[in-house]
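K.L.:
Protein sequence lines, in the order shown, are assigned to chains A and B.
By full-length UniProt numbering, the letter at position 91 of the first sequence is numbered 91, and the numbering carries on one by one without gaps.
By full-length UniProt numbering, the letter at position 7 of the second sequence is numbered 7, and the numbering carries on one by one without gaps.
Treat the hints as calculated values from the structure; they're not laboratory data.
Careful, some of the hints might be misleading.
Said to hold, decoys possible - Derived, one-sided and incomplete: chain B residues facing chain A with beta-carbon distance under 10 Å:
no., residue
1, S9
2, L11
3, Q30
4, I56
5, G66
6, K86
7, V97
8, M100
9, Y113
10, N136
Because the structure is a prediction, the values reported are computed rather than measured.
Glycine residues also receive a C-beta, built at the ideal position from the N, C-alpha and C atoms.
Here's the letter readout for the chains.
Protein chains: 2
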Amino acid sequence: MSSDNRVNSALLESLTHRLQRYGMRSVLFQQNMAQKIGVSHTDLKSAEILNETGPITAGELSKITGLSTGSVTALINRLEKSGYVKRERDQLDGRKVMIMPIPERQEQIKSHYQSLSMATKELCSAYNEQELILINQFVEEITKIMDKENNKLMSERER
Amino acid sequence: MSSDNRVNSALLESLTHRLQRYGMRSVLFQQNMAQKIGVSHTDLKSAEILNETGPITAGELSKITGLSTGSVTALINRLEKSGYVKRERDQLDGRKVMIMPIPERQEQIKSHYQSLSMATKELCSAYNEQELILINQFVEEITKIMDKENNKLMSERER
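Could you build all of it, start to finish, from the sequences and the hints given here?
P.N.:
Here it is, written out as structure tokens:
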């Protein structure tokens, strides 16, 4: 093993470990945020998912969150009651009911993340364009890996 | 605004957004994993925290997780029962009771993360040393930001 490989192997270990630590911090952050906003952790996560996906069906939300159909129905009821979403019949397929995120309320959620967003942007502005492109691409790739691992875990559960 | 600034501003937006998406995937991943291992989300998170910190007191764990003292006591009872931790009197200060992670059981948890670790390492090995150092440093910095934001949210709660 060349000296370069040894260095890289230590770096890989370090990076894998750090990514795990960052992931854990994200979990803690979301729980802290849910407590601040006054919604449950699961409800906040679902509101965030809807914010990202746009209108989807209850079945699709159940698949992404891994919650049972019954739990998702109860969840949508809660989110509807607190004004984060509304149910609407799909204009193209009248049999489908879509869960529509309500933009104003979603903006309110986003505003709570402002402090984190600002700090993130400040950190990023210390990097040059080439570096930002590299990091951007890395985060995109690692997110794809997470998606794949999540899908694997969810399909194991379905079996 | 120069064209360079515009490019960077779009990159900053994109990166901030991608980091949030990655964070959400981490939350989903941990929930899926908890379900697979058969422990609650909170319990798995706490076991992971202990794995990272090493022996700490119930008070310290309560501070990191944001759980009440009562909840933490119940949590430690559960983790002790499932063999993830044991309580031990501190050798230096007999009044302190430390929660000790049990290495074998923690290794079992880690083994469940193997698939993710392998995929992460494979991704990282596509980068050269200089790039890995940059990404490593970025992840470290963004984790510090998360820590700061978490502390802020937790101290708001205490007030």
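K.L.:
Hints the structure violates: just list their numbers, smallest first.
P.N.:
Violated: hints 4, 6, 7, 8.
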